[in-house]
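A.B. asks: This is what each chain is made of:
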Amino acid sequence: MKESQSNQVSKFQFKASELAELIDGTLKADPELEINGYRGAGSVSAKQLTYAESDEYLEAAMKNSAGLVLVTADLYQDEIPAIIVDNPKLAYARLARQFPDKRYYKPGIADSAIIGAGFESGEDISIHPGAIIGDNVFIGDRVRIAAGVIIGDNCELGDDILLHPGVKIMAETWIGDRVEIQAGAVIGSDGYGYVSDAGKHYKMPQLGQVVIEDDVEIGALTAIDRAANEKTVIGQGTKIDNLVQIGHNVEAGRDNLIVSQTGIGGSTKLGARVTLAGQAGIEDHIRIADDVTVTGKAKVSKDIKESGFYSGIPAREHREYLKEAAGIRRINKLKKEISDIKGELEEIKNYLKEED
Amino acid sequence: MKESQSNQVSKFQFKASELAELIDGTLKADPELEINGYRGAGSVSAKQLTYAESDEYLEAAMKNSAGLVLVTADLYQDEIPAIIVDNPKLAYARLARQFPDKRYYKPGIADSAIIGAGFESGEDISIHPGAIIGDNVFIGDRVRIAAGVIIGDNCELGDDILLHPGVKIMAETWIGDRVEIQAGAVIGSDGYGYVSDAGKHYKMPQLGQVVIEDDVEIGALTAIDRAANEKTVIGQGTKIDNLVQIGHNVEAGRDNLIVSQTGIGGSTKLGARVTLAGQAGIEDHIRIADDVTVTGKAKVSKDIKESGFYSGIPAREHREYLKEAAGIRRINKLKKEISDIKGELEEIKNYLKEED
Amino acid sequence: MKESQSNQVSKFQFKASELAELIDGTLKADPELEINGYRGAGSVSAKQLTYAESDEYLEAAMKNSAGLVLVTADLYQDEIPAIIVDNPKLAYARLARQFPDKRYYKPGIADSAIIGAGFESGEDISIHPGAIIGDNVFIGDRVRIAAGVIIGDNCELGDDILLHPGVKIMAETWIGDRVEIQAGAVIGSDGYGYVSDAGKHYKMPQLGQVVIEDDVEIGALTAIDRAANEKTVIGQGTKIDNLVQIGHNVEAGRDNLIVSQTGIGGSTKLGARVTLAGQAGIEDHIRIADDVTVTGKAKVSKDIKESGFYSGIPAREHREYLKEAAGIRRINKLKKEISDIKGELEEIKNYLKEED
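Chains as they are written, first to last, in this note's numbering: chain W, 1 to 356; chain C, 1 to 356; chain Y, 1 to 356.
Calculated from the structure, these hints are not laboratory results.
In this text the structure is predicted, and so the values were computed from the model without any measurement.
Intra- or inter-copy, both count: the list cannot distinguish identical chains.
Keeping only pairs whose Cα atoms sit at most 25 angstroms apart, straight-line, the calculated SDA-like set for lysine to any residue is:
1. K200 x T295
2. K11 x D214
3. K11 x G122
4. K89 x F99
5. K203 x N87
6. K15 x E53
7. K302 x E230
8. K305 x A325
So that you can see chain W by itself, here it is in the shape it has in the complex (with noise of 0.2 angstroms):
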């Protein structure tokens, strides 16, 4: 499945033949069929696509007259109108990703948006009222900027970006394709670095800039600091929650999952497929190795070098805290075993006394 659109134009409406042609699947509806949309089963009407996973699934997508149902081969039945594959959940969430999202396709700028010096943009961009693109920024096709974003100077920007309501982004970041941004989120802060003397604690400069690669999202409220000199990267394919903080210089690979109000120290390097639940906190300087899962609240506080799950304050493999939390849980027992050993060692002693 191709990740990007060819065409220019926003499409908001597919045929069933092309919709199963993009994920592969077997089409059992007219070909002809025209889908404008995709809703959860509870909820889907005649025109729109959705996805069923069991019976109940099924169920509510026919009492709604579907328009087009996803379906594994053993759910399908005849007559409903549906396109067969494996994962049908995978296939909804790929298939929806092809319509543009409308709340936010207003093509145009909108006379309130101020817009700088040097702005140069693709096709079918749409930008809401209130917002603010500084100088010299580049924004490619179908890019999506809602009401009240700001834009710092020098910002370079793909195609199929939206940028939800009230999001900043300081000047110089660089921002790839198909990348989501939710409200109020800020990318390219200055990191916090200070330099102490005599108790006072003096800036650094921080003159980096941030890169956020394709296919990433950004949750509300979220702060990513810019470099000290280079780059904060976001790999490919992240996806981050709201209210994430993450330092300057950060490298975050390919493909993590980085959940809501997680802290991530300076400098520190994450590999790919790295997860980290909510409240995790990473420390400065830390690497962390490919398909590590960090689980909520966990503090890590050295380099992670194997895969795996690790847990707990400080932060160690998932097994070993498990077997101190047991261990914890043991411990009035094992005070009470004390005791009783004593007991007994006092009785042994007076009866080797009476034995004298």
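On the provided structure of chain W, position chains C and Y as indicated by the hints.
C.D. replies: Coordinates of chains C and Y only, in the frame set by chain W:
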């Protein structure tokens, strides 16, 4: 006490008799006395209301020639213009809400505000400079929308709402009466939902909405995600602090207190009168019963079915948590005891050997 | 070194002799050499200042034909244009602050900015597009207000302030000189104060203000609540990172370092030179002495009266915390020892039985 104002127009001045009646207090002052504001005892002035919980408060109020003092029968002294009530602080909080927040009372719609098509509103509204309102938005009476607020398409807001500067309300949000939202909060961001395949993550469409019931208050820079398909609900009377994360499909019950930097995972359901203290974390798909308090920094990983206090990572009953904490502090003492026991055992064995 | 600029107009170019004098360094270059910026050794260019802490830095600086290098006497080599100082990194940080941030230098008031009644300002100010300033606001010299910043009524700001895009300053805030606030931060939101009755919560009026003293820096998306009646104070020289929560009536002392995602409960008072590492939490009404460091993720639940390091939940002296952590790792060993002791006891008892 009626929670809503019956008058269409905001009222900035009340007679002492009106205030006494609103809280069923006993008036000890001229019924015609005009009161036009309120303030703590340390800074109250002649036409303002204050409250006294102790002799110190009362002295301060008198020193500042307070216009009217809420006071208990015990503390009351002749000559002080007062209303006698059982709980002066509570009475103060309830009466203060009768005065609209002057900071945001600028009747009408500022020239620089941008209002979408199909806008409808009640009486006596204030829309400040730089606010941006999408299409098909309805707002009720006495709604105050501060500078730089963004409201998306198809939102419906009740009466007596106050949105502080830079609040972002995404499309399709529904907000009840007497709701107050602090600066920079984001309501209705997309939930964090992905389906993964071969190490890559595909966004599940987030098509639902957020419903904020009556009398809810939301802190600065808090994020509340819209549901995937249905509704994320913040129950009536719930108060949320700053920098809180509320995931998609969460249902918070009535009169919850959710303290700052707490995170609530997707699809979690909270009962009534739940308190989540600062930096608490609740995992996805958890149910918490009525009248539960989760202490600061605790992490709830499984359902809580009984009211009470819960602490720790993972959270358990507070009493059990304290017992474990005491156990941990005892470990080094246990180690010493074991060492002593070993010594005694050695002595006994030596004694028995010699005896042979 | 004077911390403020005496010149009314921003200065973007300095002679080598001026720079050397500002930091009391020994100049080893043409005194008339003009320097117009600064940059790390890896990307410095011919008219820029940099610093070298090692041979590697020095080589990079020379390779890039750095205009001027701050260097120790030990590292200094003939022919390099240099200033010799004891601490090159510190000297670099201090000199960099002499150059105004060019990103936000756009002298004058943008047409699209909205300025309230009674506005007064010093010299050489920059107010960017889409900024919104309320009534009766005063700002000093060389203040830079970036795009989309909102300042409420009755605020007073000193000289040499930089407010990054989308910062929100609520009404009545007072800000000293040389303060820098990163994008999206909220200063002066209402505190989280409620009085509860019969399971319902009533907001206590939040009528105080926030005072930000000189040389304070505040991170992106940080929230600082106004006091209930008096002042929330951020002491001189304190540096706050991103996504930090500071409750109402907090008093932070001088030169604190408050790292990202830390939360400070209402009415807490911090001494001077306090460091709160990432994701720390301080409860309400706590006092922390001077020169205390709270480590990452710790939770302070009672006053800290002695300087030193504190860790854990709840926080205690770091040494004690380490001892307990070591104890926990030892539990399973203790269990084994107890089991061995029981075996030996059994043997002794059997032996004694046989003897009888």
